[in-house]
Amino acid sequence: MAAAALDPALVAKLAFGDNDEKVAAIRAFVTQGEAEAAPLLAALANGQLQTAGERVLIVRDDGAIDALSGEKVTPLPETRDDVIANNRVRGEIANAVAALRLLAPQRALRVQAVKELETGANAAMLPLVKRALEKETDAQIRSALEMIAATIQVKSGDKAARLEAIRALAVADSPGTRSLLGSLLLKQKDGSFAEPDEEVRRVAEQSLKSVQGRLAWGERAGLLFAGVSLGSILLLAALGLAITYGLMGVINMAHGELIMIGAYATYVVQNLFRAYAPGAFDAYLLAAIPAAFIASGLVGMALERSVIRYLYGRPLETLLATWGISLMLIQAVRTLFGAQNVQVENPSWMSGGIELMANVVLPWNRIMIVGFAALVVVAVGLLLTRTRLGLFVRGVTQNRAMASCVGVPTARVDTWAFGLGSGVAGLAGCALSQVGNVGPDLGQAYIVDSFMVVVFGGVGQLAGTVVAALGLGFINKLLESWSGAVIAKIAVLVFIVLFIQKRPQGLFALKGRAVEA
Amino acid sequence: MGPIAQTVTRLYGTRGWVGIGAAALLLFVLVPVLNLVVPEGHPLHVSTFLVTLSGKIMCYAIVALAMDLIWGFAGILSLGHGLFFALGGYAMGMYLMRQIGRQGQYQSELPDFMVFLDWKELPWHWWMSDQFWWAMLLIVAVPGLLAFGFGYLAFRSRIKGVYFSIITQALTFAAMLLFFRNETGFGGNNGFTDFKRILGFDVTAPQTRVVLFAVTGATLLGALLLGRWLIASKFGRVLAAIRDAETRIMFCGYNTLHYKLFIWTLSAILCGIAGALYVPQVGIINPSEMSPANSIEIAIWVAVGGRGTLVGAIAGAGIVNAAKSVFTVVFPEYWLYFLGLLFILVTLFLPNGVVGLLKMRKRGGAA
Chain A
1 MAAAALDPAL
11 VAKLAFGDND
21 EKVAAIRAFV
31 TQGEAEAAPL
41 LAALANGQLQ
51 TAGERVLIVR
61 DDGAIDALSG
71 EKVTPLPETR
81 DDVIANNRVR
91 GEIANAVAAL
101 RLLAPQRALR
111 VQAVKELETG
121 ANAAMLPLVK
131 RALEKETDAQ
141 IRSALEMIAA
151 TIQVKSGDKA
161 ARLEAIRALA
171 VADSPGTRSL
181 LGSLLLKQKD
191 GSFAEPDEEV
201 RRVAEQSLKS
211 VQGRLAWGER
221 AGLLFAGVSL
231 GSILLLAALG
241 LAITYGLMGV
251 INMAHGELIM
261 IGAYATYVVQ
271 NLFRAYAPGA
281 FDAYLLAAIP
291 AAFIASGLVG
301 MALERSVIRY
311 LYGRPLETLL
321 ATWGISLMLI
331 QAVRTLFGAQ
341 NVQVENPSWM
351 SGGIELMANV
361 VLPWNRIMIV
371 GFAALVVVAV
381 GLLLTRTRLG
391 LFVRGVTQNR
401 AMASCVGVPT
411 ARVDTWAFGL
421 GSGVAGLAGC
431 ALSQVGNVGP
441 DLGQAYIVDS
451 FMVVVFGGVG
461 QLAGTVVAAL
471 GLGFINKLLE
481 SWSGAVIAKI
491 AVLVFIVLFI
501 QKRPQGLFAL
511 KGRAVEA
Chain B
1001 MGPIAQTVTR
1011 LYGTRGWVGI
1021 GAAALLLFVL
1031 VPVLNLVVPE
1041 GHPLHVSTFL
1051 VTLSGKIMCY
1061 AIVALAMDLI
1071 WGFAGILSLG
1081 HGLFFALGGY
1091 AMGMYLMRQI
1101 GRQGQYQSEL
1111 PDFMVFLDWK
1121 ELPWHWWMSD
1131 QFWWAMLLIV
1141 AVPGLLAFGF
1151 GYLAFRSRIK
1161 GVYFSIITQA
1171 LTFAAMLLFF
1181 RNETGFGGNN
1191 GFTDFKRILG
1201 FDVTAPQTRV
1211 VLFAVTGATL
1221 LGALLLGRWL
1231 IASKFGRVLA
1241 AIRDAETRIM
1251 FCGYNTLHYK
1261 LFIWTLSAIL
1271 CGIAGALYVP
1281 QVGIINPSEM
1291 SPANSIEIAI
1301 WVAVGGRGTL
1311 VGAIAGAGIV
1321 NAAKSVFTVV
1331 FPEYWLYFLG
1341 LLFILVTLFL
1351 PNGVVGLLKM
1361 RKRGGAA
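These protein sequences, in sequence, are chains A and B. Going by the working numbering, the first residue of the first sequence is number 1, and it counts up by one from there. Going by the working numbering, the first residue of the second sequence is number 1001, and it counts up by one from there.
Certain hints may be false.
[Said to hold, decoys possible] Now the stretches of chain A that chain B is said to cover, found in silico as 3 or more residues with beta-carbon under 8 Å:
(1) 106-118
(2) 301-312
(3) 448-456
Calculated directly from the structure, the hints in this document are not laboratory data. Each residue gets a CB set at the ideal place from its N, CA and C atoms; glycine is no exception.
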């Protein structure tokens, strides 16, 4: 086999030398670009490399082969010594294996190798990287290789090479490059710069500035997306409440539990698919969406019929009774599914993400939720403005007595509207199950936030809810990047409390005279 | 009749005063004697566990009383009273932490959690925390000032009803998040615990427990009489009018802001005092006391007993918490079902609570 092409002297150094010699041997393999050395290095990392006298053996469970000739060794010599690799040697091996993989025929392997080397490149790899560059045809991998080559050459002794490398790095957009360039400009303890040459330092400064600018844009884009993502989650959670509280005036403290029921419905559908249709598992979410809507909607309608209907016009009592309902729902779910969180898996088409820049990755599940939230808002908006049910709901909201006089079945409209709001909560639960934990306490985490969104946006207004949710999501993420998550959350709550003092009717008030409820 | 005698008869009738006298006898004579003098094992012995439990429930009763003052009489439902309770508790807790002295795990002058966080000195808000009178001041001032500031802003912009409830809930939620942080300087998740002494006396000794029990009882009776006195005065009439028709009373020339703000702040201070009495008896205070769920539970105590009756609030706190103590031991998994059902049934079928039910029964019997 090709293993015969390995340099015997290097193999001996690797097997018998001390740690420094081992590292030198590994680097030499890489410099020569010996792809055949990869199994040998892997064997060393896995503790499968042994020596017997002068011979170097790779001993696996199914037998041993000679590292140089590749021939099978039978019987095994009696006295063998393990070749020990410490952590430093192991790190070196990991980089070396990655570097050797740069020449692999499979594109996926090369992409992976390039990724690993972005942080672990050393000077010994330069010839190999250059050789890979000559052969490489894929534009994406080529540019990554150029970056790696530049990263190595920044430390070279030749000033021209350094200058060229630093100029090349100016188009990079990874945080690693930023710290690399930054380190060149640092003063060392004795007062001299890490980079001795004045001109190189100037160029490095320019490159650093352009990298920083690009990274800053990436961070801004990431922040914007995080804000929109959080906003869309808040929107989904609050939209159902905007219907039941905003339009109908029912304080439903069990709203969070309706969200939780939607999430558990998703979990049940997922398990059904896994048990009965494993081939179509990726499609389970499509079935879970209506299931979550119907499950939460039915529970909501049952609540309206049995409890809430008797408390219309007594908001504080409604609040207490629905709180009681929420306690019972939580305990019921604990009894049925256990107190632990349950596992809801993303379908495969929702894992991964779009890599916008080196430091900005937009996960698919978040993107999907943003789109889903938009769809739900549009659907609810159309339902309320374009359908007969929507007309009735608005009519009953504005003037119950008059609506009843002209023949609107107000009691039934109440039930349907409450069912709709609850169903939307179920949709929120379905979406939340894709990004967070699903447990009996899921709803409790969202109830305060949901009320804040509705109150902030203005009661009785879907548009207000949308603006408030996105606004709060964005403010929250912006503050988070300055002060950390908890302080941001507190600041937002305090902000809303103060805001309500100034504008009790919320961002968007219904026009007309305020009538005391 | 002199003015004092007039006040006395206005507060309660003969039967009421006999009841209060009996309660005082029970609290200050019978229980202490049965606990301390009657030996253990004797059928009449009252265990220290029972004394502490009753003391704890009486703290809750003070909170329920405070809640009834604003909800039952002024129509303001607060979902954030747990915050004031916890603030009073934390103020007391700081003093108790300092009383531990060098007997903590790390044998340092600083409380254990600060040593754990590698802090070298007390943060600014622990100033004077080793002085008992300062703790007393904080117990009243912190909940009082917070309630005053918050109430002033809220009532001035005429926030009321459910809006107000939701905002108070957000307030206690925000405070809970704040107190969960280690950096806030109140022990983070774990809060304060492992107390050793109060005013130099051993916190776990039966004698100290009985004294705390009696002090709690005295506070409860005092709060009841104070509440009754307020309600029976002209002030109370105006409050009830605000509850029933705020716009109309404003047109009559009353500035409702002052009335609401006063009763709201008083209620918060009562909660703070209850919290301060609660902490040495229970031996722990942590941020979960501020969770919105706890504050809503206070409302159900009042609703079960009967709103707007004061005595009902005390009875409600007693009934619900006694039931809780039994349930969580005998069948813990059904407690939430029971509590949830209680919320629903009381609001649907018992709008006047247990006291209302008794009154109805009496009237029915007389007719």
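To see whether the hints hold, each was checked on the structure:
1. Counting residues of the stretch 106-118 of chain A whose beta carbon lies closer than 8 Å to any beta carbon of chain B gives 0, which falls short of the minimum of three for the stated coverage.
2. Counting residues of the stretch 301-312 of chain A whose CB lies closer than 8 Å to any CB of chain B gives 3, which reaches the minimum of 3, so the coverage claim holds.
3. Requiring three or more residues with a Cβ within less than 8 Å of a Cβ of chain B, the coverage given for the stretch 448-456 of chain A holds, as 4 such residues are present.
Of the numbered hints listed earlier, the single one contradicted by the structure is hint 1.
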